[in-house]
Amino acid sequence: NAGVMQNPRHLVRRRGQEARLRCSPMKGHSHVYWYRQLPEEGLKFMVYLQKENIIDESGMPKERFSAEFPKEGPSILRIQQVVRGDSAAYFCASSSSRGTLGDNEQFFGPGTRLTVL
Amino acid sequence: AQSVTQPDIHITVSEGASLELRCNYSYGATPYLFWYVQSPGQGLQLLLKYFSGDTLVQGIKGFEAEFKRSQSSFNLRKPSVHWSDAAEYFCAVGPLGDYKLSFGAGTTVTVRA
Numbered sequence: 001n002a003g004v005m006q007n008p009r010h011l012v013r014r015r016g017q018e019a020r021l022r023c024s025p026m027k028g029h030s031h032v033y034w035y036r037q038l039p040e041e042g043l044k045f046m047v048y049l050q051k052e053n054i055i056d057e058s059g060m061p062k063e064r065f066s067a068e069f070p071k072e073g074p075s076i077l078r079i080q081q082v083v084r085g086d087s088a089a090y091f092c093a094s095s096s097s098r099g100t101l102g103d104n105e106q107f108f109g110p111g112t113r114l115t116v117l
Numbered sequence: 001a002q003s004v005t006q007p008d009i010h011i012t013v014s015e016g017a018s019l020e021l022r023c024n025y026s027y028g029a030t031p032y033l034f035w036y037v038q039s040p041g042q043g044l045q046l047l048l049k050y051f052s053g054d055t056l057v058q059g060i061k062g063f064e065a066e067f068k069r070s071q072s073s074f075n076l077r078k079p080s081v082h083w084s085d086a087a088e089y090f091c092a093v094g095p096l097g098d099y100k101l102s103f104g105a106g107t108t109v110t111v112r113a
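Chains A and B, in that order, give the protein sequences. When you line the first sequence up against the working numbering, it's residues 1 to 117, in that order. When you line the second sequence up against the working numbering, it's residues 1 to 113, in that order.
Any given hint could turn out to be false.
Stated by the list, open to error - Cβ-Cβ distance ranges computed for the label pairs, FRET-style:
id: 1; chain 1: A; residue 1: Ser-66; chain 2: B; residue 2: Asp-54; range: 41 to 47 Å
id: 2; chain 1: B; residue 1: Ser-84; chain 2: A; residue 2: Arg-78; range: 32 to 38 Å
id: 3; chain 1: A; residue 1: Gln-80; chain 2: B; residue 2: Glu-15; range: 43 to 49 Å
id: 4; chain 1: B; residue 1: Ala-113; chain 2: A; residue 2: Arg-64; range: 30 to 36 Å
id: 5; chain 1: A; residue 1: Glu-40; chain 2: B; residue 2: Ser-70; range: 27 to 33 Å
id: 6; chain 1: A; residue 1: Pro-70; chain 2: B; residue 2: Ser-80; range: 43 to 49 Å
id: 7; chain 1: A; residue 1: Leu-117; chain 2: B; residue 2: Ile-9; range: 38 to 44 Å
id: 8; chain 1: A; residue 1: Arg-78; chain 2: B; residue 2: Asp-54; range: 17 to 23 Å
id: 9; chain 1: A; residue 1: Asp-56; chain 2: B; residue 2: Gly-41; range: 41 to 47 Å
id: 10; chain 1: B; residue 1: Thr-5; chain 2: A; residue 2: Gly-73; range: 17 to 23 Å
Claimed, not checked - Non-contacting residues of chain B with respect to chain A, defined by C-beta distances greater than 10 Å in every case (computed):
id: 11; residue: Tyr-27
id: 12; residue: Gln-45
id: 13; residue: Gln-58
id: 14; residue: Ser-72
id: 15; residue: Ala-92
id: 16; residue: Gly-97
id: 17; residue: Leu-101
id: 18; residue: Ala-105
Rather than coming from a laboratory, the hints here were simulated on the basis of the structure. We treat Cβ as the ideally placed atom computed from N, Cα and C, and that holds for glycine.
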């Protein structure tokens, strides 16, 4: 039973390019969460998606960042016109249902490490 | 706003020795508390969690954690570490009735023979 898959594991982009990060949730999971870990900081919540819907994007920067979780295929976190400050590890988690932390464990992927030159 | 502090960035411990990782949180009420471990190349794995009740929580791989409300702490312990415990450990908190986790910056544990 495969866990949460993320690819690529490492991504290098030059300033101004686009970065696309993919997350395939665990089998049977339809809820996806993205977190960002800036250097020397903890993971911080960015966005929560259910199939074809954005439930909560309160942690996502207002510009250049977008996320989707289509009916078919992985969830995508897209960063347009990347800047050096976007260099971070981006983690994806999935859960089987919508619920609070008390009754709904989030399972995490290994992360994508984005480096912006 | 909630926050999590892991004061130790890196800890080195001998195999067979005991391990304690510190975690302090700042939050208006008692949140849900978690410890995760990330081995190289792997995703974060949940070690244990605390919601309520007994303040000493047992987890997987022989780990335990103790919640101390008066100190706003949730320290992780293991009596005897194995080489396979070398990893990065994250403490996390989440509000009751919510799904957003806030993490500490992590503590990297190195185990020497």
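Here is what the structure says about each hint:
1. Ser-66(A) - Asp-54(B): 41 to 47 Å: holds (44 Å)
2. Ser-84(B) - Arg-78(A): 32 to 38 Å: With Cβ atoms ~37 Å apart, the hint holds.
3. Gln-80(A) - Glu-15(B): 43 to 49 Å: holds (47 Å)
4. Ala-113(B) - Arg-64(A): 30 to 36 Å: violated (47 Å)
5. Glu-40(A) - Ser-70(B): 27 to 33 Å: holds (29 Å)
6. Pro-70(A) - Ser-80(B): 43 to 49 Å: Given about 48 Å between the Cβ atoms, the range holds.
7. Leu-117(A) - Ile-9(B): 38 to 44 Å: violated (26 Å)
8. Arg-78(A) - Asp-54(B): 17 to 23 Å: violated (44 Å)
9. Asp-56(A) - Gly-41(B): 41 to 47 Å: violated (29 Å)
10. Thr-5(B) - Gly-73(A): 17 to 23 Å: violated (38 Å)
11. Tyr-27: holds (13 Å)
12. Gln-45: Violated, since 8 Å does not exceed 10 Å.
13. Gln-58: holds (17 Å)
14. Ser-72: With a cut-off of 10 Å, Ser-72(B) remains clear of chain A, as the shortest Cβ separation is near 16 Å.
15. Ala-92: violated (8 Å)
16. Gly-97: With a cut-off of 10 Å, Gly-97(B) comes too close to chain A, as the shortest Cβ separation is near 5 Å.
17. Leu-101: Violated, since 7 Å does not exceed 10 Å.
18. Ala-105: violated (5 Å)
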